[in-house]
Amino acid sequence: MEGDTITAISTPMGEAAIAIVRLSGDQALEIADKMFRGKQLLKEVESHTIHYGYIIDPDTNEKAEEVMVTVMRGPKTFTREDVVEINCHGGLVSVNRVLEIALNSGARLAEPGEFTKRAFLNGRIDLSQAEAVMDLIRAKTDRAMNVALNQMEGRLSKLIKKLRQTLLETVAHVEVNIDYPEYDAEEMTNQLLTEKLSYVKNEIESLLQTAEQGKILREGLSTVIIGRPNVGKSSLLNSLVHENKAIVTDIPGTTRDVIEEYVNVRGVPLKLVDTAGIRETEDIVERIGVERSRQVLKEADLILLLLNYGEALTEEDRKLFEAVRGMDVIVIVNKTDLNQEINMDEVQELAKGHPVVSTSIKEEEGIDELEESIKELFFTGSVEAGDMTYVSNSRHISLLKQAKRSLQDAFTGIEAGLPVDMVQIDITRTWEILGEIIGDAVSESLIDQLFSQFCLGK
Amino acid sequence: MKRYDAGTFDVIVVGAGHAGVEAALASARMGAKTLVLTLNLDTIAYMPCNPSVGGPAKGIVVREIDALGGEMARNIDKTHIQMKMLNTGKGPAVRALRAQADKFLYQNEMKKTMEQEENLTLRQGMVEELIIEDGVCKGVVTKTGSAYSAKTVVVTTGTYLRGKIIIGELTYESGPNNMQPSINLSHNLKELGFNMVRFKTGTPPRVNSHTIDYSKTEIQPGDDVPRAFSYETTEFITDQIPCWLTYTGEVTHELINNNLERSPMYSGMIEGTGPRYCPSIEDKIVRFNDKPRHQIFLEPEGRNTEEVYVQGLSTSLPEDVQRNMLKSIPGLEKAEMMRAGYAIEYDAIVPTQLWPSLETKLVENLFTAGQLNGTSGYEEAAGQGIMAGINAALKAKGEDPVILDRSEAYIGVLIDDLVTKGTNEPYRLLTSRAEYRLLLRHDNADLRLTEKGYEIGLIPEERYHRFLYKKEQIAKEIDRLEHTSIKTDENTQIILEKAGSSPLKEPMSAASLLKRPEITYDVIAELAPTEVEIPEIVGEQVEIQTKYAGYIDKQLQQVEKVKKMDEKKIPEDIDYFAINGLAKEAKQKLAEVRPLSVGQASRVSGVNPSDISILLVYLEQGKIAKLAN
Chain A
1 MEGDTITAIS TPMGEAAIAI VRLSGDQALE IADKMFRGKQ LLKEVESHTI
51 HYGYIIDPDT NEKAEEVMVT VMRGPKTFTR EDVVEINCHG GLVSVNRVLE
101 IALNSGARLA EPGEFTKRAF LNGRIDLSQA EAVMDLIRAK TDRAMNVALN
151 QMEGRLSKLI KKLRQTLLET VAHVEVNIDY PEYDAEEMTN QLLTEKLSYV
201 KNEIESLLQT AEQGKILREG LSTVIIGRPN VGKSSLLNSL VHENKAIVTD
251 IPGTTRDVIE EYVNVRGVPL KLVDTAGIRE TEDIVERIGV ERSRQVLKEA
301 DLILLLLNYG EALTEEDRKL FEAVRGMDVI VIVNKTDLNQ EINMDEVQEL
351 AKGHPVVSTS IKEEEGIDEL EESIKELFFT GSVEAGDMTY VSNSRHISLL
401 KQAKRSLQDA FTGIEAGLPV DMVQIDITRT WEILGEIIGD AVSESLIDQL
451 FSQFCLGK
Chain B
1 MKRYDAGTFD VIVVGAGHAG VEAALASARM GAKTLVLTLN LDTIAYMPCN
51 PSVGGPAKGI VVREIDALGG EMARNIDKTH IQMKMLNTGK GPAVRALRAQ
101 ADKFLYQNEM KKTMEQEENL TLRQGMVEEL IIEDGVCKGV VTKTGSAYSA
151 KTVVVTTGTY LRGKIIIGEL TYESGPNNMQ PSINLSHNLK ELGFNMVRFK
201 TGTPPRVNSH TIDYSKTEIQ PGDDVPRAFS YETTEFITDQ IPCWLTYTGE
251 VTHELINNNL ERSPMYSGMI EGTGPRYCPS IEDKIVRFND KPRHQIFLEP
301 EGRNTEEVYV QGLSTSLPED VQRNMLKSIP GLEKAEMMRA GYAIEYDAIV
351 PTQLWPSLET KLVENLFTAG QLNGTSGYEE AAGQGIMAGI NAALKAKGED
401 PVILDRSEAY IGVLIDDLVT KGTNEPYRLL TSRAEYRLLL RHDNADLRLT
451 EKGYEIGLIP EERYHRFLYK KEQIAKEIDR LEHTSIKTDE NTQIILEKAG
501 SSPLKEPMSA ASLLKRPEIT YDVIAELAPT EVEIPEIVGE QVEIQTKYAG
551 YIDKQLQQVE KVKKMDEKKI PEDIDYFAIN GLAKEAKQKL AEVRPLSVGQ
601 ASRVSGVNPS DISILLVYLE QGKIAKLAN
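Each protein sequence line maps, in turn, to chains A and B. Every letter in the first sequence is one number past the one before it in my numbering, and letter 406, counting from 1, is 406. Every letter in the second sequence is one number past the one before it in my numbering, and letter 265, counting from 1, is 265.
These aren't lab readings, by the way, just hints derived from the structure by calculation. Watch out, some of these pointers could steer you wrong.
Stated by the list, open to error - Here are the computed lysine-lysine pairs in the DSSO-like style, where the Cα-Cα straight-line distance is at most 27 Å:
id: 1; chain 1: B; residue 1: 90; chain 2: B; residue 2: 112
id: 2; chain 1: B; residue 1: 78; chain 2: A; residue 2: 161
id: 3; chain 1: A; residue 1: 404; chain 2: B; residue 2: 561
id: 4; chain 1: B; residue 1: 421; chain 2: A; residue 2: 161
id: 5; chain 1: B; residue 1: 564; chain 2: A; residue 2: 401
id: 6; chain 1: A; residue 1: 404; chain 2: B; residue 2: 397
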């Protein structure tokens with residue numbers, strides 16, 4: 001296990017302009033030297049430096065790829081081992097080629113998460129950091145990067161600790177009533193208990209709300225553009241893609257030939273889903289009735305509904321409004337370069353409070369407003385997105401949900417009139433679950449709390 | 001001193017306090033030829049501090065001792081002056097019995113039991129040295145030169161090891177209540193390589209009952225229903241004596257504040273670590289100075305004495321300050337102080353040097369129990385005592401030890417805490433130390449442990465059969481309630497209304513109905529009468545097990561989870577220092593505690609979950625780093 005050198009593509013497939021092939025292990029530099037044409041990495045270069053050159057195919061001695069190579073010697077690396085990162089042009093073919101050459105040169109393909117596992121096993125990081133790093137690796141936009149960083153720096157930890165402290169004080173109070181029944185401490189009543197617990201429950205719920213956004217940050221806001229034929233869907237797509245440097249990826253091996261395009265709109269990652277299908281189909285209204293299209297709509301986080309400024313609203317348009325009811329929608333009235341035929345009052349009415357943006361994609365007008373309203377929609381209610389604590393790790397989300405359920409059990413117990421020491425079992429459980437998030441489940445803290453909060457003695 | 005051969009035994013117990021008596025009785029009753037050596041035969045099962053037994057968690061330990069065939073419960077049932085069920089307004093898991101003891105009767109009664117026990121030899125003598133050959137304990141030597149041989153030895157020396165009493169500016173070497181301290185044995189243990197710590201505890205003054213004005217205090221009577229700790233007790237004491245409650249006040253606090261510089265706690269004279277849960281009154285005033293008054297319970301020390309224990313006033317302030325302090329308390333203005341309070345320092349061994357069987361890792365066949373292991377309290381001592389006695393007798397027979405699980409008994413929690421986490425202050429059992437306290441109730445101690453007591457040989461056949469019958473009755477009655485449907489007829493609604501419950505809309509099983517918080521077993525018995533008579537204790541079990549089934553199941557699931565970790569054994573020859581990735585602190589702690597399972601390892605303080613993951617990775621892959629030969 002130890003000693004061998006592992007390699008993998010360490011950037012998400014097809015999501016960046018630059019992809020990185022990473023090598024880690026005792027042989028990382030030797031292997032890199034075999035495939036790199038440039039400076040002698042093992043002998044000539046300092047640690048933590050970056051070098052220009054080519055990857056060559058050792059079999060044919062042909063240049064395979066133009067690259068930048070970063071050399072980092074252990075232990076000041078992520079895995080504490082020697083690490084070489086080969087930065088090459090994004091794109092499946094070229095990255096795969098480099099990986100293949102690395103494998104041919106003596107590296108072993110890393111198992112999923114093996115870099116993190118090594119970092120963890122080499123004592124570089126703790127469990128919760130390891131998990132944040134996993135998210136870091138998957139982070140797709142700068143903003144997602146910030147969330148991941150914040151978690152590592154302990155923003156989430158701080159919040160969780162605060163909630164645990166509240167629970168701990170509550171439990172200590174219950175405990176003192178139990179262990180010192182004659183001690184003149186105020187009896188913990190169900191009402192008092194409800195007060196304390198409601199606070200914690202509310203906090204957990206709002207954390208879980210951000211979890212949804214955290215997921216979006218990591219995976220992109222699943223976005224579908226709909227509208228009648230010739231309303232400008234393709235133009236809108238091309239415009240978003242063009243402006244925001246999208247990378248088109250074919251994901252092979254799936255039964256349906258889905259095309260997903262990622263664009264980064266003012267920090268909001270959009271995943272334009274199934275646009276191929278939408279582009280191909282002329283009669284979208286008809287297709288709304290088709291189950292699969294419904295599914296696409298159902299899974300969407302955001303709908304961009306296009307209308308034609310130069311034509312009156314049709315029955316089809318109204319049906320579209322009908323189909324997206326209850327979803328996050330931005331209504332785009334396109335082709336403002338034409339004469340107005342559309343009834344804007346009716347549009348506003350149908351939009352039911354959703355933002356309505358006027359554009360002329362052809363004249364490149366209104367795109368800024370559209371992007372601004374996408375950003376606003378995503379960050380509604382937040383003062384400053386960068387200050388929020390997002391929960392983006394699926395393990396954390398699942399633990400928070402467990403904590404919420406456990407607290408709910410406590411409330412149920414209170415309502416059923418169960419004795420306070422039974423209710424306390426669920427409170428303690430909640431405290432433990434929250435502890436699992438920050439990796440601090442067992443400790444003497446309750447006893448410490450008990451004796452610092454109350455004056456007990458014989 | 002010339003040594004002579006004084007005899008050979010299977011098991012020798014050093015000390016006859018609460019740990020020693022349980023150890024000796026268990027060992028003797030298991031058939032081991034047992035010798036007890038105590039430095040004073042008049043202080044067997046002596047209570048140097050509060051005259052009470054039981055309370056939350058501790059009271060459950062007393063019942064566990066009873067279910068295992070121990071003596072504490074039976075002894076207090078015969079000798080108490082009052083009994084009280086605590087936490088009756090709360091759930092069944094935290095209810096607990098507490099008795100005020102007649103401490104003189106308690107001693108006499110225990111001595112009588114010891115004297116009458118077959119296989120048990122009771123002798124006065126101070127043990128000064130352990131006989132060790134090649135790391136194995138072979139016997140003990142007393143001050144008078146008698147050398148006893150034994151297969152195993154249990155040391156239960158309480159607070160006597162290098163004991164030192166402190167009252168104000170005065171200090172002198174002494175065991176509790178001016179008894180002889182045990183100096184040489186402490187040196188001997190240190191020479192053998194044991195890591196010792198210095199702990200401190202204390203006791204309040206005693207006053208003469210005649211001189212107390214009880215009219216200024218509140219009465220604290222015992223329960224008016226008969227109570228007993230032991231499941232075997234059939235005769236109950238009805239003639240009870242009350243305790244009394246009063247409070248310290250501003251004057252008391254001022255007095256203490258003005259004399260703090262004379263307090264050994266603050267003048268630096270005391271080096272031992274005192275327990276946070278039983279601070280002296282001066283500690284309370286300093287640490288919680290916003291509390292306007294502190295409770296003082298006046299507890300009679302027995303039926304044939306006027307001495308009253310002033311609970312809440314534990315102190316090491318000088319005698320004159322103690323007198324003035326008493327005068328400032330309502331009811332005690334004219335109280336005659338008969339004995340002064342004092343602090344006592346003593347040596348204890350660091351309990352992580354013990355295996356869960358309470359045998360020391362350093363010396364084979366040597367067991368320790370009680371306050372010597374860093375605990376505090378009679379019940380904690382007795383709980384360890386019975387286990388040390390059982391395991392010493394088993395070891396003498398060449399059999400495997402009995403180790404109680406954390407989900408099985410408070411005694412299991414206590415011992416696991418001691419040997420796994422250690423303690424940096426005298427350890428007191430609290431209900432919050434048990435993670436499965438709903439399973440560790442006072443009402444089901446017999447259901448949890450009688451089987452074990454029988455297997456060990458401490459529960460007689462006849463008692464065991466009564467237990468099995470009770471168990472069967474409970475199971476049958478639960479089954480009956482699950483299969484009995486309660487109809488929605490008028491009779492039902494009347495009974496329900498009378499019980500303060502809402503009417504039944506649809507028929508439901510008697511068991512489901514019993515889950516309503518306000519419905520007791522008696523109500524169910526009225527709705528679904530039985531053909532056979534159900535004893536009250538069976539009805540109580542049926543009610544608790546049915547009503548709280550949801551919570552009980554939840555805890556059982558947690559137990560299952562942890563069990564998996566406890567089943568993953570760690571080889572004894574593991575070398576933690578050769579495991580890459582373990583944090584330095586974890587390596588040191590694990591090497592010190594040498595846990596027997598991953599479960600135990602996960603409870604070692606300073607070992608975090610990532611260390612356990614790494615440990616698991618190594619164990620799973622069979623890549624345990626072995627000790628280099």
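These are the hints, each one checked on the structure:
1. The suggested pairing of residue 90 of chain B with residue 112 of chain B is violated, with an alpha-carbon distance near 38 Å, which exceeds 27 Å.
2. Distance hint between residue 78 of chain B and residue 161 of chain A is unfulfilled; the C-alpha atoms sit about 50 Å from each other, more than 27 Å.
3. Between the alpha carbons of residue 404 of chain A and residue 561 of chain B the distance comes to roughly 21 Å, so the proposed pair stays at or under 27 Å and holds.
4. Among the hinted pairs, residue 421 of chain B with residue 161 of chain A is consistent with the structure: their alpha-carbon atoms are about 23 Å apart, no more than 27 Å.
5. The suggested pairing of residue 564 of chain B with residue 401 of chain A holds, with an alpha-carbon distance near 25 Å, which does not exceed 27 Å.
6. At most 27 Å may separate the alpha-carbon atoms for a hinted pair to count; residue 404 of chain A and residue 397 of chain B exceed this at roughly 53 Å.
Of the hints listed earlier, those the structure fails to meet are numbers 1, 2, 6, in rising order.
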